[in-house]
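Asker: Knowing the structure of chain A, use the given hints to seat chain B on it.
Listed here are the chains, written in short residue letters.
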Amino acid sequence: MKILYFAWMREHTGCSTEEIRLPENVANISELARYLRGRSAGHEAALRNLKTVRVAINRKYANLESPITDSDEIAFFPPVTGG
Amino acid sequence: MQKILISEADFDIKAEYAALKKTGVGAVVMFAGIVRDTAKDPQLVAMTLEHYPGMTEQEIDNIIKQAEARWPLQGVRVIHRVGRLLPEENIVFVGTASAHRAAAFESAAFIMDYLKTNAPFWKKEESKTGSVWVDARQVDETALKKWQ
Numbered sequence: 001m002k003i004l005y006f007a008w009m010r011e012h013t014g015c016s017t018e019e020i021r022l023p024e025n026v027a028n029i030s031e032l033a034r035y036l037r038g039r040s041a042g043h044e045a046a047l048r049n050l051k052t053v054r055v056a057i058n059r060k061y062a063n064l065e066s067p068i069t070d071s072d073e074i075a076f077f078p079p080v081t082g083g
Numbered sequence: 001m002q003k004i005l006i007s008e009a010d011f012d013i014k015a016e017y018a019a020l021k022k023t024g025v026g027a028v029v030m031f032a033g034i035v036r037d038t039a040k041d042p043q044l045v046a047m048t049l050e051h052y053p054g055m056t057e058q059e060i061d062n063i064i065k066q067a068e069a070r071w072p073l074q075g076v077r078v079i080h081r082v083g084r085l086l087p088e089e090n091i092v093f094v095g096t097a098s099a100h101r102a103a104a105f106e107s108a109a110f111i112m113d114y115l116k117t118n119a120p121f122w123k124k125e126e127s128k129t130g131s132v133w134v135d136a137r138q139v140d141e142t143a144l145k146k147w148q
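Chains as they are written, first to last, in the numbering used here: chain A, 1 to 83; chain B, 1 to 148.
Honestly, the hints are just simulated from the structure, not real lab data.
Some chain A residues close to chain B (C-beta under 8 angstroms, calculated; not the full set): (1) Ala7; (2) Phe77; (3) Val80.
For glycine and all other residues, C-beta sits at the position ideal for the given N, C-alpha and C.
In isolation and in its complexed conformation, chain A is listed as follows:
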């Protein structure tokens, strides 16, 4: 599956996109975030407080309980500030 990070989250993780295989015990967004936090200190910093994070599955807004599959594109990003 493809994971994307934007804005300050991208700066923390050090990558805008990464490919991973969905671990067997990971079924939703909050479990995925917990798994990703173990990848590096930067991932830990980016995903430590999920209250301040927005998430999209296949380019549609989702929430922490949303189920995921190995073919999904998951994006983590801060609240948006365009306009």
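Answerer: Then chain B, alone, in the frame of chain A:
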């Protein structure tokens, strides 16, 4: 008639107005968002805008569809710039065309309010002392309430 464009290049307000007028309606409303003037914030050097290609266009399309369901619109054009922008440069354009001025005014405000809270763009402010990501503002969330 609608147009959604995410672009590094500036937009041409005259061309956008001409396109909206072509719909043959009696009312056109246009909004432009601009990188603020450094006279008010002498520290500001530039703003860099980042977005989520694909999702951004889809979210703006959703917002336009909601506006079209609420007001009789003949034309909607939304342009948002990305990349590094200097003070006084254009950031965003929203234009609406309708037979009725209230519909054109209200739908343009509605589209901007939803764009600010839903379209995946992020601003980084560059000042003389460093760069910081702009925080989302509660007032933008509050602005949505009047449409709900």
